[in-house]
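*Asks:* One letter stands for each residue in the lines below.
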Amino acid sequence: MASDSSPAHIHGGPSSPDDSMSSPIGNTFSSPGDPSTRRKRGRQSATPYKTPPPPRFTTPDGTPNPSSTNPRQGRRRASTSTPTAVTPSSTDDAPPSSEGGEADDGDDAPPMYVWGTNISVQDVNAAILRFLRHFRERPSDIEGKYMRAVHHVIEIEGDSLDVDAHDVFDYDNDLYTKMVRYPLEVLAIFDIVLMDMVSRINPLFEKHIQARIFNLKASTSMRNLNPSDIEKMVSLKGMIIRCSAIIPEIREAIFRCLVCGYYSDPIVVDRGRINEPTVCLKQECQAKNSMTLVHNRCRFADKQIVRLQETPDEIPEGGTPHTVSLLMHDKLVDGGKPGDRAEVTGIYRAMSVRVGPTQRTVKSLFKTYIDCLHLKKTDKSRMHIEDRMDIENGSSRNDEETPLDYEDKVEQLKELSRQPDIYDRLTRSLAPNIWELDDVKKGLLCQLFGGSALNLTSGASFRGDINILLVGDPGTSKSQLLQYIHKLSPRGIYTSGRGSSAVGLTAYVAKDPETGETVLESGALVLSDRGICCIDEFDKMSENARSMLHEVMEQQTVSIAKAGIIASLNARTSVLACANPIGSRYNPRLSVIDNIHLPPTLLSRFDLIYLILDKADEQTDRRLAKHIVALHFENPESSEQDVLDLPTLTAYVSYARKHIHPQLSDEAAEELTRGYVEMRRRGNFPGSSKKVITATPRQIESLIRLSEALARIRFSEWVEKRDVMEAFRLLEVALQQSATDHSTGTIDMDLITTGVSASERMRRENLVSTIRTMVMEKMQLGGPSTRVLELLEELKKHSSGPEVHLSELRNALATLASEGFVVVHGDSVKRV
Amino acid sequence: MVGLPYDCLVNPVGAVRLTFEKAVASGKDPATFDGKDWGATDLFREFLFDNGGLSQVPFLNPMTIKWIQSNTLVRFRGMIQDMLGNEFYVGAYKDGATWRTNKFADVPQFPMGSSSDMRIWERRLLYCVPVPGQNSWTQTSSEAMRNPYSNITSPYGEKRPREEITATTCDVDMQALDHEFEGSQCTKKMRGDGVPSQSTYPQESSVERTCSDVCMGPDFERNSFPCLVKIYDSVESELKLNDVFEFIGVLTFDPEVTTDKDKSDESLNGFFEDALVHLPPSKVPRLHCLVHRKLAIHDFLSGSHTLEPKSHLVKGVREGLLRHLTDVLGNDAVAAQFVLLHLLSRVHARVDSLAVGKFSLNLTSFSKETVSVFGNGLNLAINNLVPFTQCIPLTVDYLNSVTLAPRKDYQANRLVSGVLQLADGSHLTIDETQLQAGTLNSTGVDNARTLKNLVELQKVEYDFTYYKMEMAADIQLLIVSEGKSNILPADLVLPFHPSSVDSSEVVDAETLKAWRWYLATLRSLPHSIEPEMQKVVEDDLVAARQADRSLGSQDFSRWLTMGRLMSASFGEICLTLEHWQLVKELERLRRERFQGTT
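Sequences listed follow chains G and X, in order.
Reading the first sequence from the start, the letters are residues 1 to 832 in our numbering.
Reading the second sequence from the start, the letters are residues 1 to 598 in our numbering.
Simulated from the structure, these hints should not be mistaken for laboratory data.
There may be inaccurate statements among the hints.
As the list claims (entries may be wrong) - Within a straight-line C-alpha distance of at most 30 Å, the following computed DSSO-like cross-link-like pairs (lysine-lysine) qualify:
#, chain 1, residue 1, chain 2, residue 2
1, G, K337, X, K535
2, X, K240, G, K487
3, X, K36, G, K626
4, X, K468, G, K487
5, X, K315, X, K535
6, X, K468, G, K377
7, X, K240, G, K367
8, G, K232, X, K94
9, X, K468, G, K376
10, G, K626, G, K487
11, G, K409, G, K145
12, X, K452, G, K367
13, G, K367, X, K36
14, G, K414, G, K487
15, X, K459, G, K487
16, G, K658, X, K468
17, X, K240, X, K294
18, G, K409, X, K468
19, G, K487, G, K232
20, G, K376, G, K232
21, G, K367, X, K94
22, X, K459, G, K626
23, X, K294, G, K540
24, G, K367, X, K28
Computed from a predicted model, the values in this text were never measured in an experiment.
Bound conformation, chain X alone:
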């Protein structure tokens, strides 16, 4: 098993077939492999996680697609944007007397005889896109990765122990080589130059190469780099729409293959008129997934910050971050406190239609001038802190024209994404200061309602023409407006009172990392309450209500959310009296602002 890791990286399909042959040789009937694994993924798991092979697997993105070869192991991080159902394929077939497998591959290794025995297996098709609103800093690690093949003197043959390879795998390699002639040619060239850097690459490319570059160019902009992931033997409930996953598997991608429009049979088109027609293999890379894992925000933080959430450490980070936010917000410390709590919020439970834990924030008293100063500053700061951020400039025209909620296109049989199809934990800033009076058309009314639903219930209704389907979301919403926004009723409304213009201090990378880590870690902390504290809180609520009848369950809910977030911001998992007092103090300060303005 000396050379196996290398094998897994460059010729994963070979490795899969090797295990298959072993399994068959050990007397197992291929018929028993239906919907099961015979040990191939175990091999890869071992290679990736136990033997640290993961770091050698290149990321698939618009940059790397240019040099990554087909049929090698890659990883892709993305959000499941659509599910294209199941696909049936010939999983195993008999070539003469030997069983062969097609798993984790598009193309059979050997031509299948028409009379051969075969087993039909199924795999799931997932249409994945890069996480919407992903900030560039999350990608630094992947972008920095150089072409690993450039260091390898010879990718084929030499490094692999001969005894491990049967003649068949050699054959595959030869086929693969032919098949990806284009790709290997490029790597060879690069090797020859000895300058394996990305920047010099275009100059080296041959004429055809630039051609294909040109045709690839428009397809692969930052946020429209889709990937069709084929999932094998997974539990259906494991992968859900809008989940963010890392898929590690075999890449198949032929930019050269021209789509053959086989129009010979008219009636056939009815069946083909589905998603796959619009996603030809030449445009959308395929990834035969061997291993997938769900990603949390943590996984997007560069560097392995494995700090313990110790209280003194956390306190320090908290203070630093709070100071930074205060600076960004023109010395408005109260607003900074609320923004901090807001950034730590997430929906942690759903009871009936209620989303418990959401904490949307509406900063009011912005004018056109202040928005350009502080609004932008705040946006920048948030972009630097949270991995996925989006910003919606709310105008009448925008509302009337944009598609916010995803919609099913029955012609293409695809789910057409909308602005609000976001991964859980995304941050969304809505700038309402630009909104002028105007007439909304029906789209506008729909969009306004969709936004309102999102703010109130953390749900987005996906439009399936004949019915609507509610999808739960977990999005942090920040609304920036002149007056209180009635279109988007946020949980907390706070008039923004800046007193100085941002001093715009430069934050060094290490501090930023610490802050990101802080937000990501503390956000996911569990939370509980002691019985005594519960009593105190209840008494406080009752007393407050006796004093002011206008307080309702929503206000109480907000206070408790704030209490939770406040203690979380100190890294505590239990609400303490001290933090509860802080919350009440904050609430008092907030109320004062309203009295001040009216």
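Looking at chain G on its own, in the form it has when it is part of the complex:
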């Protein structure tokens, strides 16, 4: 149609949609253009244009179009490759007019068909018009969605109208099918309809509005693109890996005669070429070879070639990613940058290639590319970490890959979540190869799901991320757990404490050597914003780096002040760290603090601290032996039991994180309060000389986060009592291992918060109990009193361990006295 304005080509109508296809397409595709001469245009729609819409799909070289050159093939496709096709396909070979009667009743003009298809131009034209005029999202809407959109486009003087393919499908199934199968033809008609409509609304509106289709019902995998997809509308997902520079493409050229200075009329690109006039068109001049191009007055359009590569998750094992070229025009140029993930809707095209200089080698090969219609950037990492809900409420449907599939998937996930044993099942599915450590896995599961972050209007914020520290003997598969979580979590960063500096772990300022610009480059923690940062060998980390973690773990920001830039970067990350005990093996006689050798301030920021101890237990050893023997001799596949596979697990977690935001029920809140009070009271055991702080407010925050995560696991919007109880259990399991006062079995948070040695405490307790038994044996109730020094002598005889000092004995006696077991008067002790 571009050629219409040039005097050389005058067809039946002012514009015929097919020409827009034929012009860019080379010799082999000349056929669709031909029939346009033998058909007339439906006048009712075509009259008011001033100028024809510009060609959308200009390609520099010929595109052989197998679909339109081969009617037989067209039929095959209709019947095989698109089984959903509703249109009768057997009539392809029949002369167009034979169908005209029923297709187009009441219209005088003989129906026109797109060559080689059964698409009647009038029908499609009418269908599109109907769709644009009458489609409403809700029946209650007064004005159609797209009429509103058209008005909006006119208002902002835009040049494209985004059309949701789902709307087309919902409104007119048949139109959708035609559009996907014959996009070139249908879109050209679409543009004409739009232009017609626009010029009726606002006759002064000069721009051409193009329809940009997006959100197809089905998206294709890049790998599965095959010859039958050529000239079809496809939708693909991938990652942009390369963008070419913007290429100005000439659309209209103006020439000037060097002899007389005459300016030619604009000459439009015809089949990828500009025909340079050889003779001055001015009657008086007619100088030969005098015309020269006037760059300033030519019209150019932007064009860009972009390469899209398969996303890593679509690559089968042992394969390399496929790539496909995209051709972007006008507004789509620079729509994405390398590294962006994008979903692209476009027309799959093939272009012939010359292999050698000889004529016969042409056309046996094709280069394929996608003529881009619509590009949508998606940033879908494995977990939908961005809480999109508050940003685009309701329109979230658009984000989904293929909503139909998506609905199915969600249904499946919901089905899963309704299973009563889902919690255990997920636990089993987490690192199924690492046996035992069920409670640790449950903790990790909570970390994956996470609690809800809370931002108060006062500016205070509570993090929802759960931090976990694993401390344990070497060879207890801590690192494997870490690796596994890293694989599973979004933006998971895995670093080793050894060798990562404070800068590397957080963020640093770099200077561009050329421009001198300072740029902030983020390190692990910032990169794992809204993810999980896995730090192996936490104990080996430098003091400096660790001190950075203080801020990260509580405030969830990283502050840097370097090169004059003071920045606070978000680092809403969960930290999963693992450390070896100080002597490489856990010394049960030392406290956790002494074992891990981490500052207590940092330690208290971990919600859960798990001790993974390698107990000298024959039972465990046997299990280990069995496990390893099985690993080596059995078919590893057969040993797998009822577990969820990794993709399902990831989908489950991401769905929960995105859509489930549980709230505390009253019952749960009550339980939480009760449990917390209980926990605090428990530390206050009778006889203790001073009140032991059992739990701190930090613990109650942890508990809330854990119970929220547990509710999320069940896809429940409410935190229930059982969640809270399980959270308490988890905390206790973790704490009991980490903060057990070994003689009494009660929890002592002082150990963690102040670092009072547990061994010291234990010794004291031992002493007290020894004295207690001694007193029981030696002294009668209410009998004569005994000298303290005598007791000391007695003790030394009894105990084989380290020497007992008098002061220690006195302390122990004081404890006993506070219990009301003995009475101490100066140097004498009396049992009461």
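Once you've looked at the hints, dock chain X against the given chain G.
*Replies:* Frame of chain G; chain X shown alone:
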């Protein structure tokens, strides 16, 4: 069908087209041939495997490329280094009223009319290179092969029964003849001389010939002889990156064609700026693959050793090999045992991130002097035993400069190979004795991590700029170092104690063959364990752990791997008590060495 085999060899495309015409003539619609075969590959399979035609097919390598003609049947052995995606081509088209096919060819037989009907089919492009580190002895068989055409009096016409050939195939031949005028001219010359040997060939060549030789020369050194293989109708999962395959198909190669830089349309370059531009047909031969088969190490052993793995035979070979290794290792019998086990190892299962069955070996206590004596000897011995070997001299400079992991070059849209892109079953020796203290730059740190990953997980991370992709590998790693290598934590560390200098006995070819066969065969044996034996092993492990708490799952894993390898070295497929005892004894000897040194 009398003359058909000959036809398949010299004019495979003709044979393909013949079958196509037959198929069309029998009433089949070419439209049904999409992604399917109409019987062409069956014909070739029959010719190659049932009728023993395989041995007549020349190997494609830097030597043979000089005399092999384009459009003949060749075979190429190589590793898939990169996959270049799919290519669409006109598979079938109508020339007048007859259907023609373009399958297995670059160039259409007849010019295609612009209005002709056509079917577009697709084929996969694989970029293949000779297997990295392939030792020269694996190629003896192929190198020895002489030009088969030299014995043939006339390659065209006479030997083919006329009735089989339609006028069209004749035409192709004529075209082909014109096209490869250069090539046929050479063969004619050689025939005329009656001295069809490779060595005399350069003297015979004409002036243009030497010209093209010169321009070919630098391109085809031993390990950089790439080939672009076009695969038809294959299942995607069949061919994987780094797999070693033999491709048998039609060669197309024009050293004469100058690349036409058609710069007429600027915007076009965006599409062309992909792999194919950098691989012009004049530099990289194309092979239209008719038949492909995956190769195992066996296929690289010369001579068809089809020995049964009988126990007495195996025992004999084992002893001989062990003695040889002991000699090479300066009479260190324990080290020889471990090296033998190491050479038999392979990853036989992957459970999560664990690679079960790997057995990397770190020989320590090497000094600069001993490395030059024993290290080299050991390297030589291994080169002679295993088909694919590589050696990395680890230095700070090396780490800082080399690219170990393959990397995707988005400019060229190609996967740039790295040192660690190796075929499964390759052997890699890392010499750490040269490593001095020094600062690593970021490349160095990356490389060190990559190596560590390989040793620990048998995985190499390929760098795709925006993300990394893990590729599973199966590489036998031998680390030679002064002290225990902490950069490369091997499964087993053994201080090396030589007591005498290598007597360097000469090994005859037959013995070497037997050893190669031994290693290749026993390596792939399956393995199992009886319940009673399992109990014994478990008890042993538990007892060992009760005695020594420092033993972890890694040690146990190593023991079991050793048990497996030990029984495999005797040709057994089941772990026996005797072999388990041997393993424990070996482990005891190894531990003694540590006590001795500290």
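*Asks:* Does each hint fit the structure? Answer for all of them.
*Replies:* Comparing the hints with the structure gives:
At roughly 60 Å between alpha-carbon atoms, K337 of chain G and K535 of chain X are farther apart than 30 Å, so this suggested pair is violated. Restraint check for K240 of chain X and K487 of chain G: satisfied, since their Cα atoms lie roughly 23 Å apart, inside the 30 Å limit. Straight-line distance between C-alpha atoms of K36 of chain X and K626 of chain G comes to about 49 Å, which puts the hinted pair past the 30 Å bound. The hinted pair formed by K468 of chain X and K487 of chain G meets the criterion: a straight-line CA distance of about 12 Å does not exceed 30 Å.
As the CA atoms of K315 of chain X and K535 of chain X are separated by approximately 27 Å, the hinted pair is consistent with the 30 Å bound. Between K468 of chain X and K377 of chain G, the direct Cα distance comes to roughly 21 Å. Compliance with the 30 Å bound is thereby established for this hinted pair. At roughly 24 Å between alpha-carbon atoms, K240 of chain X and K367 of chain G fall within 30 Å of each other, so this suggested pair holds. Between K232 of chain G and K94 of chain X the CA atoms are separated by roughly 24 Å; this keeps the pair inside 30 Å, and the hint holds.
In summary, the hint linking K468 of chain X to K376 of chain G is supported, as the alpha carbons are separated by about 24 Å, within the 30 Å threshold. A distance of roughly 27 Å separates the Cα atoms of K626 of chain G and K487 of chain G; the hinted pair therefore holds under the 30 Å criterion. Distance check on the hinted pair: K409 of chain G and K145 of chain G sit about 29 Å apart at the alpha-carbon level, within 30 Å; holds. Distance check on the hinted pair: K452 of chain X and K367 of chain G sit about 41 Å apart at the alpha-carbon level, beyond 30 Å; violated.
Restraint check: the Cα-Cα separation between K367 of chain G and K36 of chain X comes to about 22 Å, which is no more than 30 Å; the hinted pair holds. For a cut-off of 30 Å, the pair hint linking K414 of chain G to K487 of chain G stands: about 23 Å separates their Cα positions. For a cut-off of 30 Å, the pair hint linking K459 of chain X to K487 of chain G stands: about 15 Å separates their Cα positions. Our distance criterion of 30 Å between C-alpha atoms is met by K658 of chain G and K468 of chain X, whose separation comes to about 26 Å.
Of the supplied pair hints, the one linking K240 of chain X and K294 of chain X holds, its CA atoms being roughly 10 Å apart against a limit of 30 Å. Distance check on the hinted pair: K409 of chain G and K468 of chain X sit about 28 Å apart at the alpha-carbon level, within 30 Å; holds. A distance of roughly 37 Å separates the Cα atoms of K487 of chain G and K232 of chain G; the hinted pair therefore is violated under the 30 Å criterion. With a C-alpha separation of about 19 Å, the suggested pair K376 of chain G and K232 of chain G falls inside the 30 Å cut-off, and the hint holds.
Proposed proximity of K367 of chain G and K94 of chain X is supported: the alpha carbons are some 21 Å apart, at most 30 Å. With a C-alpha separation of about 26 Å, the suggested pairing of K459 of chain X with K626 of chain G holds against the 30 Å cut-off. For the suggested pair K294 of chain X and K540 of chain G, the alpha carbons sit about 47 Å apart, so the restraint of at most 30 Å is broken. Only pairs whose Cα atoms come within 30 Å are accepted, and K367 of chain G paired with K28 of chain X is accepted, the gap being roughly 29 Å.
Violated hints for the displayed structure, listed by number in ascending order: 1, 3, 12, 19, 23.
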